[in-house]
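Quick note on this note's numbering: the sequence shown kicks off at 5 and runs consecutively.
Hints were generated in silico from the structure; no laboratory data involved. One or more of the hints may lead you astray.
Unchecked claim - For lysine to aspartate or glutamate, the following EDC-like pairs were computed, each having C-alpha atoms within a straight-line distance of at most 16 Å: (1) Lys212 with Glu223; (2) Lys212 with Glu181; (3) Lys212 with Asp257; (4) Lys179 with Asp207; (5) Lys122 with Asp242; (6) Lys179 with Asp265; (7) Lys122 with Glu247; (8) Lys212 with Glu202; (9) Lys122 with Glu110; (10) Lys212 with Glu247; (11) Lys114 with Asp242; (12) Lys225 with Glu171; (13) Lys179 with Asp209; (14) Lys179 with Asp257; (15) Lys225 with Glu164; (16) Lys179 with Glu268; (17) Lys114 with Glu202; (18) Lys114 with Asp187.
Stated by the list, open to error - Derived CB-CB ranges, DEER-like: (19) Glu171 with Pro31: 27 to 35 Å; (20) Ser249 with Pro201: 35 to 43 Å; (21) Ser184 with Ser48: 31 to 39 Å; (22) Asp242 with Trp221: 41 to 49 Å; (23) Glu110 with Ala49: 50 to 58 Å.
All residues carry an ideal CB built from backbone N, CA and C; glycine is no exception.
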Amino acid sequence: MNRTALIAIFAVCFFGLVTSPLWADCPLAHTHIGKNPTWRPDWSAPGDPGLATDSDLTDDNQLWFFSLPPVHAAATPGWPAWGDDPYAAPGTPFLKLVPDLGPMGEVYWKNNDPGTGKIRWTCEFHYSMAGGYDENHPDTVEHLDGWHSAHGPQGAWNLESVDESTEPAWDIGVKRESTSLADQTDFLMIRPTGITPEVLVADGDSYKFSDYGEKVWLEDKQAWGIHSHMGFYFYLPDTVGQEVSVTFSAFDDGLVYTPSDAFEMRFVTVPEPMTLGLLVLGAATAVRRRRSDS
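All chains should be built: construct the whole structure from the sequences, respecting the hints.
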C-alpha cells in the first residue's frame with residue numbers, strides 16, 4: 005500500500021462513524037495492545053463475568069498483543085496470535101506479503117538498485133471469516149496496519165482511562181526485538197504522515213505512541229487509548245513462498261504496566277492480491293470436491 009492510500013484510510017478511521025461497541029470500525033486490521041493476557045471471556049457470552057476465566061491472577065497488569073478476536077467478522081485463525089492460513093498447509097502464515105507497487109505498477113528496489121535483487125513487499129490483503137481471502141466479501145477487512153489499544157469484553161483488557169480531561173499515566177510503546185532476516189535492514193515500518201515516516205528500522209528500535217500524538221482520547225470508545233497507523237515492509241527477492249518473521253514487545257515508560265512477552269508475527273510472500281483471491285477460491289473448490297467424492 006502506498007503512503008497516499010494510507011493517508012486516505014487514516015482520515016476515514018479518524019473521522020468515520022463507529023458502530024461496534026467493542027472494536028473500532030476502521031477499514032484496516034490492527035494488532036491490539038492491552039493488559040491482563042490470561043483473562044478470557046466465554047465467547048458465546050462475552051459480557052457475562054460469571055463465565056470468564058483467568059489462568060494467572062498475577063499478570064493482571066502485564067501488557068500483551070492480540071489479533072482480531074473471535075467475535076469479529078474477520079476473526080483471526082489462531083487468535084490471539086496472527087496464526088496460520090486456514091486454506092493452506094499447516095504452519096503456513098496467515099499474514100500475506102504482496103509486492104508493493106508504485107502508481108504505474110512498478111516495483112520498489114531496495115536502495116533503488118536492481119542489483120540488490122530485492123524488491124519491497126508489504127502486508128496487504130483482505131480477509132473475513134465468511135469469505136476467506138475474498139476482497140469483495142461484505143465482511144472483509146484489509147490487513148495489516150499498525151496498532152490499536154484493546155477495548156474488549158467487560159473492560160478486562162482495557163488500558164486505564166478515567167475521563168477525557170484526565171490523561172492516564174501509562175506511556176506505552178512497542179520495541180522491535182528481532183527478525184528472521186539475515187540483513188535486519190530488510191524490514192522497516194512506514195507511517196503515512198509525519199517528519200519521520202520510516203520507523204522501527206533496526207532490531208532494538210522502539211516507538212512510543214505519545215511521541216507521535218497517538219496516545220489519544222478515542223471518541224468512539226469514550227476512553228483514552230492508542231490508534232497508530234503504519235505499514236509492514238520487507239525487502240526480499242521477487243519469489244513467492246518466502247516465510248519471514250518479526251518479533252515485538254510492548255513496554256510502558258509510565259510504569260503502570262509491566263512489559264509484554266515477545267510477540268512473533270509471521271508472514272509469507274504471495275502473488276498480488278487478485279491472484280491470491282483466485283488461488284484461495286481454487287483451493288476451497290478443491291476441498292469441496294474432495295468432500296463430495298468421499
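Quick rundown of the hints versus the structure:
The straight-line distance between the Cα atoms of Lys212 and Glu223 is roughly 21 Å, outside the 16 Å bound, and the hint therefore fails. Annotation: proposed proximity of Lys212 to Glu181 holds, straight-line Cα distance about 14 Å (limit 16 Å). Of the supplied pair hints, the one linking Lys212 and Asp257 holds, its CA atoms being roughly 9 Å apart against a limit of 16 Å. As the CA atoms of Lys179 and Asp207 are separated by approximately 8 Å, the hinted pair is consistent with the 16 Å bound.
With a C-alpha separation of about 7 Å, the suggested pair Lys122 and Asp242 falls inside the 16 Å cut-off, and the hint holds. This hinted pair checks out: Lys179 and Asp265 have alpha carbons roughly 11 Å apart, not beyond 16 Å. For the suggested pair Lys122 and Glu247, the alpha carbons sit about 15 Å apart, so the restraint of at most 16 Å is met. A C-alpha spacing of about 14 Å is found between Lys212 and Glu202, which places the hinted pair at or below 16 Å, so the restraint holds.
Annotation: proposed proximity of Lys122 to Glu110 holds, straight-line Cα distance about 13 Å (limit 16 Å). For the hint pairing Lys212 with Glu247, the CA-to-CA distance comes to about 28 Å; that exceeds 16 Å, so the pair is violated. For the hint pairing Lys114 with Asp242, the CA-to-CA distance comes to about 12 Å; that is within 16 Å, so the pair holds. With a C-alpha separation of about 15 Å, the suggested pair Lys225 and Glu171 falls inside the 16 Å cut-off, and the hint holds.
A C-alpha spacing of about 6 Å is found between Lys179 and Asp209, which places the hinted pair at or below 16 Å, so the restraint holds. The straight-line distance between the Cα atoms of Lys179 and Asp257 is roughly 12 Å, inside the 16 Å bound, and the hint therefore holds. Straight-line distance between C-alpha atoms of Lys225 and Glu164 comes to about 13 Å, which keeps the hinted pair within the 16 Å bound. A distance of roughly 12 Å separates the Cα atoms of Lys179 and Glu268; the hinted pair therefore holds under the 16 Å criterion.
Taking the CA atoms of Lys114 and Glu202, the gap is near 14 Å; set against the 16 Å cutoff, the hint holds. A hinted pair counts as satisfied when its Cα atoms are at most 16 Å apart, and Lys114 with Asp187 qualifies at roughly 12 Å. Between Glu171 and Pro31 the beta carbon distance is about 28 Å. The supplied range of 27 to 35 Å therefore holds. With their beta carbons about 23 Å apart, Ser249 and Pro201 fall outside the hinted range of 35 to 43 Å.
Checking the proposed 31 to 39 Å range against Ser184 and Ser48 shows it holds: the Cβ atoms sit about 37 Å from each other. Checked against the hint of 41 to 49 Å, the pair Asp242 and Trp221 passes, with Cβ atoms roughly 44 Å apart. Against the hinted window of 50 to 58 Å, the Cβ-Cβ separation of Glu110 and Ala49 comes to about 51 Å, which satisfies the hint.
This entry does not satisfy hints 1, 10, 20, going by the numbered hints stated previously.
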